[in-house]
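Read the sequence shown against our numbering and you will find it ends at 180, with the numbers running on by one and no gaps.
Read the hints as simulated data drawn from the structure, not as lab findings. Beta carbons are placed, not taken as given, at the ideal position from N, Cα and C, and that holds for glycine. Just so you know, not all the hints are guaranteed correct.
[Said to hold, decoys possible] Here are the simulated distance ranges between beta carbons: (1) D167 with R92: 12 to 22 Å; (2) R166 with E76: 16 to 26 Å; (3) G135 with P161: 34 to 44 Å; (4) H80 with L156: 18 to 28 Å; (5) I118 with L164: 13 to 23 Å; (6) E34 with L137: 32 to 42 Å.
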Amino acid sequence: MSQTLPVGGILRDRYEIIDLVGQGGMGAVYKADDLRLRGRICAVKEILPELISAPGMEDQAHDQFYREASILSRLDHPNLPKVSDFFNQDGREYLVMDFIPGQDLRQLVEEARRRDGFLPEESVLAWAGQLCDALTYLHTQDPPVLHRDIKPSNIKLTPRGV
Numbered sequence: 019m020s021q022t023l024p025v026g027g028i029l030r031d032r033y034e035i036i037d038l039v040g041q042g043g044m045g046a047v048y049k050a051d052d053l054r055l056r057g058r059i060c061a062v063k064e065i066l067p068e069l070i071s072a073p074g075m076e077d078q079a080h081d082q083f084y085r086e087a088s089i090l091s092r093l094d095h096p097n098l099p100k101v102s103d104f105f106n107q108d109g110r111e112y113l114v115m116d117f118i119p120g121q122d123l124r125q126l127v128e129e130a131r132r133r134d135g136f137l138p139e140e141s142v143l144a145w146a147g148q149l150c151d152a153l154t155y156l157h158t159q160d161p162p163v164l165h166r167d168i169k170p171s172n173i174k175l176t177p178r179g180v
């Protein structure tokens, strides 16, 4: 995996890295402070083009990223983070969106297992309804938006229980 961004590093003269939130096969996600809108904490998703394109296909991957980012920036749903910016810096693509506080579903399931228990059925059904509502919204866009990476670690439960 490529080098992660340092805490305190600044992207695009605007986003100061606070912490590394997660790292995966396509890049990393950082918690950042928006220096232009002080107090606004955001998530900065770093996509490494070399991991998503074949050699010689970097321009196509770049164009595809900008098309997808443009579509994502137009989405507006209460159960989806709002995309507010996207850019390229030092050969890497970045997507800036709302930072969603809370635990992810993977963490919640693991916590319940450690207690030899299960997540409350009523809560799981409510979360499933919210997830279906968000997916219905995405699939009814023109063009339809497909998530392609739905998994427990990509589903967050906010402190408000949403």
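Status of the hints after comparison with the structure:
Restraint check, D167 to R92: a C-beta distance of roughly 20 Å satisfies the suggested window 12 to 22 Å. Taking 16 to 26 Å as the suggested C-beta distance range, the pair R166 and E76 conforms, at roughly 21 Å. Between G135 and P161 the Cβ separation comes to about 42 Å, which falls inside the hinted range of 34 to 44 Å. Judged by the Cβ atoms, the range 18 to 28 Å given for H80 and L156 holds: they are separated by roughly 24 Å.
Checking the proposed 13 to 23 Å range against I118 and L164 shows it holds: the Cβ atoms sit about 20 Å from each other. Separated by about 36 Å at the C-beta atoms, E34 and L137 satisfy the suggested range of 32 to 42 Å.
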